[in-house]
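K.L.:
Chains as they are written, first to last, in numbering that gives the first Met the number 0: chain F, 0 to 298; chain W, 0 to 184.
Worth flagging that the hints you see were computed from the coordinates, not collected in a lab.
All C-beta atoms, glycine included, are put in the ideal place defined by N, C-alpha and C.
Some hints could be false.
[What the hints assert, rightly or not] Chain F side only, calculated, beta carbon under 10 Å to chain W, not exhaustive:
id: 1; residue: Ile12
id: 2; residue: Leu23
id: 3; residue: Ile170
id: 4; residue: Gln172
id: 5; residue: Glu202
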Amino acid sequence: MNRDDLFDAMGGIRDEYLDSAATLLDYSKEENNMNGSANKTKTGLRKTGRILLIAAVIACLFTATAFAAGLFSVSTRVPDPKETFQIHWDDSENGYLEWSDAKLVLTFPDVGESREIEVRPGWLPFELPSQLAGSSPWDHLSKETWFQRFASESLCFPDESGNLPEMFQGISQPILIQLYSMAQFRGDGAMLMLYQSPSDMTEEHWDDMNVDVLSFHGREHFDERYVEALGKTIEAYDLEYDYVLLSNAEAGWVIEVCGQLGMDTVRKVARNLEIRETGNVLTSDDFQNQFLFIDGGVG
Amino acid sequence: MDDEAILTLYRQRNSSAVAETETKYGRLCLSVANNILSSREDSEECVNDTWLHAWNAIPPEWPLHFGAWLSRVTRNLAVSRLREARAQKRGGGELPLVMDELAECIPGGSDPQRAVERKELSEAINRFLAALDPMTRDLFVARYYYSAPVNELSKRSGWSAGKVKTVLRRTRLKLRNNLSREGLL
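So that you can see chain F by itself, here it is in the shape it has in the complex:
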């Protein structure tokens, strides 16, 4: 068989697939549904918000009409406000957990397992606290250290007196890097649910790192509430972060880089990340044991 044979065989593609692709290309004069869905999703992204990686949607109750997915690429959609997701979870009473109120869902289809990775920041907006290296619990810490979770609030506030360096004052999370594994999914695709309201969302691909990149500014609103432990009322406030999600859906992982030092800084940290595979392959059983399952919360 040669390429002409393959090209000719493409001529036998089913009519319905040809019709659908022609609609995408707007070659027909009929309404361009696919393109319409994509535009709707893009617009909807701006409305939406805490990141949580959840388990496989074994029986998720959702309408799939707004899907715009790539086989190994992240797809995004705005779920129906009433949409709920039943998540397989052996430890729960019913064998599942139910989630609702997701504002944006990123889907990684066709992922059955994950290749475990570690990351190392090649650039940070601050020096790692050398004074901590050699002292517990950071005695292992150096620029050569590989991480599976890098929470900078522990690293850039080394002053035992609690005084913050000026550039970090008023900031609760300068930089956070954490990894999400897709291993928990059993063939139905992995989902990353966003509960913050994203804006200025951009999607791109970084060829040299072989990652799909989703960048956005996220805002989460907290209502005024009485905190019993503090014995006082906390005023309403908005928590704002910049996010860069690097994903390799084929390998089954997501790296989240976020922080409050501005998008340029967050992107620079993400752009300079070193990523390596450990050689381990994670399966859904690992997830069920909560191995590598990050708490999911951000901030």
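Go by the hints and put chain W onto chain F.
P.N.:
Leaving out everything else, chain W in the frame of chain F:
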């Protein structure tokens, strides 16, 4: 006018069938031809040949997906035209004749085994496409059936050209694995 009405015009041998077809599917067929031939003039000729083919074929043919059927006719005509042009360029005008003459040595002027293999290949491709998510399938078909440029796919899908290329590359690799698994490679 819906497809059923247009096809009825063909059945009635009403010449307005062609005009209605051109109104509804002219853009589709011209795009298909132009993506392959990259020549407005050749593409328009190819599309006119498509209308002629439709006029001669319907009836007895009665396509269920008229647009897809027309695009297939246009694509086949455009590819034939392109191959003919390339062969003439390579062989200085004589080689195509020689090839045609040699083709007479083959029983029936065709290769039944090859036709069967292509049919099997088409079926394998359809099975592969059925397992893809809709957007990837659309991109794959748009690229490898309609020969649409990557930039156009990027514009239509809302994805970056780099992402479109990556998705296409991964899909090609997956197709290769599938075809290999089915013993077609």
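K.L.:
For each hint, tell me whether it holds in the structure or not.
P.N.:
So, going through the hints one by one against the coordinates:
1. A least Cβ separation of about 5 Å between Ile12 of chain F and chain W falls short of the 10 Å threshold, and the interface hint therefore holds.
2. With 10 Å as the threshold, the beta carbon of Leu23 of chain F comes within range of chain W, its nearest partner Cβ sitting at about 4 Å, so the hint holds.
3. Taking 10 Å as the C-beta contact cut-off toward chain W, the hint placing Ile170 of chain F at the interface is violated, the least distance being around 31 Å.
4. Because the smallest distance between the Cβ of Gln172 of chain F and any Cβ of chain W comes to about 29 Å, over 10 Å, the interface hint for this residue is violated.
5. The restraint placing Glu202 of chain F at the interface with chain W holds, with a minimum CB-CB distance near 7 Å, inside the 10 Å limit.
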